[in-house]
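As you go down the protein sequences, you meet chains A and B in turn. Be aware that the first sequence starts at 340, since it is given in this note's numbering, and climbs by one per residue. Be aware that the second sequence starts at -17, since it is given in this note's numbering, and climbs by one per residue.
Just so you know, these hints were derived from the structure itself, not from any lab. Cβ coordinates follow ideal geometry from the N, Cα and C atoms, glycine included. Warning: the hint list may mix true and false statements.
Derived list of chain B stretches under chain A, where covered just means 3 residues or more per stretch with a C-beta under 8 Å from a C-beta of chain A [what the hints assert, rightly or not]: (1) 254 to 261; (2) 337 to 347; (3) 536 to 549.
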Amino acid sequence: MDWAKLDAALAGALAGSCDSDSRFVVFIHLAPGAEDAAGLEELGVEAGGDGAVRTATVSGPQIGALSDLSGIRLLRLSRRLRAAR
Amino acid sequence: MRYEKLSPGLAAAVQDFQGEGSVGLLGRHHALGLVSLAPGAKPPRLVVFLHTDHDADLDHLGSLGVELNEGGGGVRTGIVPLTSLDALSEDSAVHRIVPATRLRLLLDVAKGAVNVPAFRSRTGLSGKGVVVGVVDSGIEAGHDSFTGRVHRLWDQTLNGKGVPEGRYGLELKGSSLGQSRDDVGHGTHVAGIAAGADDTYEGVAPAAQLVVVKSDLLNAHVADGIRYVFRVAADLGLPAVVNLSLGGQDDSHDGTDSLSAVIDGAVGPGRIVCCAAGNEGNDNIHAQVRVRRGGTRTIGCAVAAGPGAAASLIGWYGGAEELAVAVVSPSNVQTPFQAVLTEGSPVRSHALAEGLVRVITPGPDAGNGDHGFLIQIEPAPAPAMLPAPAGRPLPGRRGAWRLRVKGITDANLDVWSVDAANAQLTGRAVADSMKVGAPGTATGAVTVASYTTKTTWEDFFGQPHQAGLELNDISDFSSEGPRRDGGRKPDLAAPGAMIVSALSVHAAVLPDFLIDGLHVLMAGTSMATPFVSGLVALLLERESSLGPEEVRQLLRSHCAVPGGEPGGWDPKWGFGLVNAWDL
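Could you build all of it, start to finish, from the sequences and the hints given here?
Okay, structure coming up:
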């Protein structure tokens, strides 16, 4: 696990998760030159979107594996927004 | 039946009712104060004005099912079964029966306040040939305001094979649109403001096509929704504006968060995103301190009680600066100071008597190079003998937590409470600034503050109400900028209080805000944002290749802060209230 690539919320979510089956919705920021997202499929990660920022639902072990990929720059936990009313 | 005592519209409705029953009234929701047309329910009832003899004794009308409100004089208000109109009209004390006058056309008031009707009249623009995307709680696609104009709906909450932008949820169109319900009503209301086609409460761009995403509101899925709308619009060969009446505070407040990055990458010629500034203007969710090397500063935090009322505090400071952070419990127990942790997990947990505290201090963020930390406080349950009101900060010392920071170098720190309902900041460090969170901070978005065009109204039952807002002023709940990096957000202000728009039949609504069977009153930057999205749809109809910077410049050049310098920017108003007169 390359903790330096995880934002604080994702690091906290991993630490607070007791269930190995937990899944996390994340943003995957790809490194410059790695926008083809090579390596994600090999890890079983089905990412949505295109360009430098993708979205995916992943497991804890997949987060560890993703963070070790050179083509991954940053992993951030998805947050729930609220209606602005 | 003494038809001459009935208003013309009511007389026609009675004839339709006599000929066809309740079905004959279905198209008259707009014109009559009908309480209910539900099959099998009581006979349809009307909210009416009764013009009577002055101070007439009308107690006998109770036998007809007539419910009169308090108050005498020559004009009474009440609820009348439609089946009793005949007998009521024959009563010698009753001179005239008129369906209750409904709330004034607040959306029309709002539009007029910024000259949208004049703009549309002059230009003939209606949003035709433009997609308005609404990523929200869904839409009541069967509402009269949207008939035949919801082109696609991606319900992210239903089981299905998803869409190319995300393999989850279910895409709907045509007759299948009804499978998705807007149980909240927010998205339906928002869509009505931007693009509702309604005889009374018309939206800003009533001829636009709608592409709707019912989202679970995870910001990653909102990002997928934005991409979905733009892809569907591109398939149609149409420009699009996406409305995001959503927000949060759990980000760096500088436009470098992930959702903002997606927005910045998705917008372009003919692809515009409008975002709400947020409604935290009255909340103490931001604090700002300058910490000297070796010095300490403290920020108070009132944490709510109740199940699930965990507090999350995020802090951001420069990448070249260094701080250590600690948490002090209400009984003055302090966690160790924790500096940035770059080896292994940056998470440390502390089980205190008054709750679990988690301190997370990673190295510089790869997105902006700054340091961000996160504090999570899960208060222990209150003692059984001292129950605390759920959802409120605890009185006295209980609930009074503190964040303590120590400067390893000089540092400028900004702290936010992620959820004002669970925790608000206290003390001298509290600052009414930088409360516009993502996605309102996105550089490529048009970010909208709320302006108040109406403060009083009558509900469907004739009860008067008043909102605690200043009329014709910026709404005090509207969140202040700028961004943490000094970026000017919000961009502009538009009418957001109090606004009437489409009602989802599946949503629970407080009676005070119910206008009739098809409309409801809401307020917030959520309502101001679709106002601007509708305006953008009109601009895209006129020039489909407008890009986000052109749209922002065009709108800004038609804004003004009352009493401010021309072209000036204000943290609350942005560049001011938009004026569509000569857009």
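Self-check item: Assertion that chain A covers the stretch 337 to 347 of chain B - criterion: three or more residues, beta-carbon distance below 8 Å
Solution: Answer holds; 6 residues pass the 8 Å Cβ test.
Exercise. Given that the stretch 536 to 549 of chain B was listed as covered by chain A, double-check it with a C-beta distance under 8 Å for 3 or more residues.
Key: The restraint on the stretch 536 to 549 of chain B is violated, since only 0 of its residues have a Cβ under 8 Å from chain A and three are required.
Quiz item: Are three or more residues of the stretch 254 to 261 of chain B within 8 Å, CB to CB, of chain A?
Solution: With 4 residues close enough to chain A, the hint holds.
Checked against the numbered hints given earlier, this structure breaks only hint 3.
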